[in-house]
Amino acid sequence: MSIAAHLPALQVVLPLISAPLAVLLRRRDLAFWMVTAAAWAAFATAIQLWLQVAAGGTISYHIGSWPPPWGIEYRIDRLTSFVLLLVSGMAAVMLPYARSSIEREIPQESHYLFYAMFGLCLAGLLGITITGDAFNIFVFLEISSLATYVLIALGRDRRALTAAYQYLIMGSIGATFIVIGIGFLYLTTGTLNLADMASRLRGVESSRPVLAALAFLTVGISLKLALFPLHQWLPNAYTYAPSPVTAFLAATATKVSVYVLIRFYFSVFGESLVYERLPLPQIMLGLSLLAMFGASFIAIFQNNLKRLFAYSSVGQIGYITLGLSFDSVNGLTASIVHLFNHGIAKGAIFLLIGGIAVGIATPGAVSPAPTSPKGAGRREAAVPSNAREAATPHTFDRLAGLAQRMPLTCFGIVLGGLSLIGVPGTAGFISKWYLILAALEQGQFWLVGAILLSSLLAVAYVWHFIEVAYFRAPPVGQVARKEAPLAMLIPAWLLIAATIWFGLDTSVTVGTALDAARQLMDKAQ
Amino acid sequence: MKHDLVLRVIGKLLIPYILLFALYVQFHGDFGPGGGFQAGVIFAAGIVFYALIFGLENARQVLPDWLVETMLSSGVLIYAGVGLAGLFLGGNYLDYFVLDPNPVHGQHRGIFWVEAGVAITVCGVMLKIFYMFASRGRSE
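These protein sequence lines map, in sequence, to chains S and A.
Residues in the first sequence are numbered from 882 upward in steps of one, following our numbering.
Residues in the second sequence are numbered from 7 upward in steps of one, following our numbering.
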């Protein structure tokens, strides 16, 4: 056998196998190496696939050697390869971080389960992306979602449990809607293969089951991607999940949902149905604007750093869906590029925020009150106060003057924040540039104003952090410099560097996104 | 329920047949209703029945926790292993045709092992869930 021909299968199978192996091995070190090796192998596979697709066009892989309309097909076009690159790359970078981060966040005996869940989540996300089969999308969606609920519930804060439960309910409703939508499509076309479905839908697009399918899929996927009024699960889930989980979800899970939405709109329903006969673009535009302004506005008033950036995520998703509402190559390019750029920037920020928890929570950083004469009394009091500190390491009053203690971490968050704002020289600027281009192209000048105005809101919430970390006096007795461990700083800074890199050299991101957008628009016509 | 004579005797009588029936559902799945999932559930139900009558501790001696955890991961591995075997024998992933010189036998062989993997995992998961709920409030 030649490995190159089977890369599409291995892309999903390697992380999938690593999860049960991690459970079998039970030792946390072995589990870590197992899953990390699988993630890096998946990343290498994704790079290879990306190159193959760029050179030779769409790849189709037939699972079990059954030809497509009957069997399950893995189909990799430009967009697929781009999202695979993002998801597997994020997992590969974040796993080494996770190792030193969960030491402090998760009880040791469940470490191997954490890695197993991480592997399953990765396999699910990659599977959703790579498959060309509608029901397969649902199955992988469930694999990744179930793993995600567990990962969130592993958070140290007890509220992580309710957050995970909330997401479980919302996510299950979303998944149910998606499977109902797929059911309607199957009813109408008699096929589950996406490409076959698209060709059979021509001519019956306006029939009621197809419209119902479109509606169910749109609402279901919007729940998963946290489009503004359906985002309620997101802030809690991101706030209370362990830091590597927050970072990984913020960088990949919602992005893959956006990918599914794009896939159904352009590769199955076709843009003539979605954009010309239905008021969907107007609805999408309205909700995106609500997200951009509403969620960013809420973010400004948050008192918890993690929650602030969680709401910022909801706002940033607004930009992605805004690009979708244009129905133009530039708009779609903006969406795809922003999906990638925001994933990297937000992943980096959440990694760094996880580092803050470590820096603040370690006993060395917080010097104990030196004047207390009652040693025994202090000992007793130390337990509840530590527990409280452990629960809320990210509230702003505990971050005062943080830049003096953790300069690298804070500077990294500021750079990531600049990308969220869209300052030239960062990746965020590129996405907004294409968004504005798409708006100008359609003569919607007021939208340009709206995009710039909502960026000002991003300035406000990033400034909130800067003001607290850089200009507020640190609490007395807390000036000892204590950065997060290198194993956590290096992955985070790697992503920050990528944010800058993709802001300056756009050949990879914009090049692929433009190609992908053209490919999707051509097929849709 | 250990002291309930009728239950104990009937249980002892029935449990082997429940387990046997699970195997029947498993291996007859090609031709009749059934398959790995149902077989796994029935097998687990037999063990759960045993645990209800003779106590959780006895059931845990029959199928200890480590074995259950091994079952639930090794079933997935068997399934994925069949897929990889197809790959190594020159076909695509999960290609059963290449598992035997005769492609029809290959299909039989492939689905046999896949269903075995499903049964083992499902049985493991069922028992794991049962053990976790049943032992709540005891160890803590």
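Hints are not guaranteed to be accurate.
[Stated by the list, open to error] Sample of chain A residues at the chain S side, in silico, Cβ under 8 Å:
1. 35
2. 98
3. 114
[Unchecked claim] Every beta carbon over 12 Å from chain S, so not counted as near; a handful from chain A, in silico:
4. 11
5. 16
6. 18
7. 21
8. 22
9. 27
10. 34
11. 39
12. 75
13. 79
14. 90
15. 96
16. 101
17. 111
18. 116
19. 140
Derived by calculation from the structure, the hints in this document are not laboratory data.
Backbone N, C-alpha and C define an ideal beta-carbon position, used for all residues, glycine too.
Hints and how they fare:
{"no.": "1", "hint": "35", "verdict": "18 Å, violated"}
{"no.": "2", "hint": "98", "verdict": "5 Å, holds"}
{"no.": "3", "hint": "114", "verdict": "14 Å, violated"}
{"no.": "4", "hint": "11", "verdict": "41 Å, holds"}
{"no.": "5", "hint": "16", "verdict": "36 Å, holds"}
{"no.": "6", "hint": "18", "verdict": "33 Å, holds"}
{"no.": "7", "hint": "21", "verdict": "28 Å, holds"}
{"no.": "8", "hint": "22", "verdict": "29 Å, holds"}
{"no.": "9", "hint": "27", "verdict": "28 Å, holds"}
{"no.": "10", "hint": "34", "verdict": "23 Å, holds"}
{"no.": "11", "hint": "39", "verdict": "22 Å, holds"}
{"no.": "12", "hint": "75", "verdict": "6 Å, violated"}
{"no.": "13", "hint": "79", "verdict": "4 Å, violated"}
{"no.": "14", "hint": "90", "verdict": "7 Å, violated"}
{"no.": "15", "hint": "96", "verdict": "6 Å, violated"}
{"no.": "16", "hint": "101", "verdict": "4 Å, violated"}
{"no.": "17", "hint": "111", "verdict": "16 Å, holds"}
{"no.": "18", "hint": "116", "verdict": "8 Å, violated"}
{"no.": "19", "hint": "140", "verdict": "20 Å, holds"}
Checked against the numbered hints given earlier, this structure breaks hints 1, 3, 12, 13, 14, 15, 16 and 18; the rest are met.
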